[in-house]
Amino acid sequence: MDMKKRIHLELRNRTPSDVRELVLDNCRSGEGKIEGLTADFVNLEFLSLINVGLISVCNLSKLGKLKKLELSDNRISGGLDVLAEKLPNLTHLNLSGNKLKDISTLEPLKKLDNLKSLDLFNCEVTNLNDYRESVFKLLPQLTYLDGYDMEDREASDSDGEVEGDCVDDDEDEGTRSRSLSQTARDYFGCENMLYTESGHSVLYKFIKYITETGKGEKRKRDPEDEDEDDDDEDDD
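Numbering-wise, UniProt numbering puts 204 at position 204 of the sequence shown, and it's gapless, one number per residue.
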């Protein structure tokens, strides 16, 4: 599925300004660039573009409220100045599994004053001598690099979350508590989502999404259950 169609599917009759979280993992980008993601997504806080074949982020629109960006498992080798220009409030950036080879390619990120967490797992740059020291020196605003701070203390779960968990305040209660079966149908309706080529990242997101959606949902007591209890009392 191409990126434009995927965005249309994810909107689910909402307007772009209603969306705070957008997951486009494993769709196809035209010519290795972002397509269909316009500046109309003015309230977007979380964007995931894992394994979409990106070579460049040059087509990225201005997203002033975006805080967390997932770009892992693509083919990006540079051009990160666009991120500093278009995403002024970015706090978390995942570039794992890209083609970043030199510390110098990260220099544009110095302009991201709010950047707190950066992930570069499986990028060639991580093989350089004094890699961690060099990145922390280049980007003094960073708290965590690849999940650990300068003292090798692991980031807590809360540090990886966007404030508000990207839930729309105006979202009605019925949407919040939709059933797991409906959630599964939404995901299975997306082409290529769970194909072998999708990789572990999507499977993990799927399982995590299902688990979190089901939190707090309790099985309703069926009338048959009550009848069984009555029978048990009669036996006593």
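These are calculated hints, taken from the structure and not from any lab test. Being a predicted model, the structure only gives us computed values, none of them experimental. Some clues are possibly wrong.
Stated by the list, open to error - Derived SDA-like pairs: lysine to any residue, alpha-carbon spacing no greater than 25 Å straight-line:
id, residue 1, residue 2
1, 65, 15
2, 65, 35
3, 86, 39
4, 65, 132
5, 65, 10
6, 101, 65
7, 111, 30
8, 116, 106
9, 4, 31
10, 62, 82
11, 62, 116
12, 101, 135
13, 101, 127
14, 86, 127
15, 65, 127
16, 5, 33
17, 110, 141
As the list claims (entries may be wrong) - FRET-style restraints, in silico, Cβ to Cβ:
id, residue 1, residue 2, range
18, 13, 65, 14 to 24 Å
19, 110, 61, 34 to 44 Å
20, 104, 13, 41 to 51 Å
We put the CB at the ideal spot given by N, CA and C, even for glycine.
Status of each hint after checking the structure:
Taking the CA atoms of residue 65 and residue 15, the gap is about 16 Å. The hint holds against a cut of 25 Å. Under the criterion of a C-alpha separation no larger than 25 Å, the hint pairing residue 65 with residue 35 is consistent with the structure, at around 19 Å. Proposed proximity of residue 86 and residue 39 is supported: the alpha carbons are some 10 Å apart, at most 25 Å. For the suggested pair residue 65 and residue 132, the alpha carbons sit about 28 Å apart, so the restraint of at most 25 Å is broken.
The hinted pair formed by residue 65 and residue 10 meets the criterion: a straight-line CA distance of about 19 Å does not exceed 25 Å. Proposed proximity of residue 101 and residue 65 is contradicted: the alpha carbons are some 29 Å apart, above 25 Å. The suggested pairing of residue 111 with residue 30 is violated, with an alpha-carbon distance near 28 Å, which exceeds 25 Å. A threshold of 25 Å between alpha carbons decides the hint, and for residue 116 with residue 106 the separation of about 14 Å falls inside it, so the pair holds.
For the proposed pair residue 4 and residue 31, the alpha carbon gap of about 13 Å is at most 25 Å, so the pair holds. Note on residue 62 and residue 82: the hinted pairing holds, with a Cα-Cα distance of about 9 Å set against a maximum of 25 Å. At most 25 Å may separate the alpha-carbon atoms for a hinted pair to count; residue 62 and residue 116 meet this at roughly 20 Å. For a cut-off of 25 Å, the pair hint linking residue 101 to residue 135 stands: about 13 Å separates their Cα positions.
At roughly 9 Å between alpha-carbon atoms, residue 101 and residue 127 fall within 25 Å of each other, so this suggested pair holds. Of the supplied pair hints, the one linking residue 86 and residue 127 is violated, its CA atoms being roughly 29 Å apart against a limit of 25 Å. With a C-alpha separation of about 33 Å, the suggested pairing of residue 65 with residue 127 is violated against the 25 Å cut-off. Using a Cα cut-off of 25 Å, the hinted pair residue 5 and residue 33 holds, with the two alpha carbons roughly 15 Å apart.
Between residue 110 and residue 141 the alpha-carbon distance is near 8 Å, which keeps this suggested pair within the 25 Å criterion. Between residue 13 and residue 65 the Cβ separation comes to about 22 Å, which falls inside the hinted range of 14 to 24 Å. Take residue 110 and residue 61: their Cβ atoms lie about 22 Å apart, and the range 34 to 44 Å is violated. Between residue 104 and residue 13, the C-beta spacing of about 45 Å keeps the proposed range 41 to 51 Å intact.
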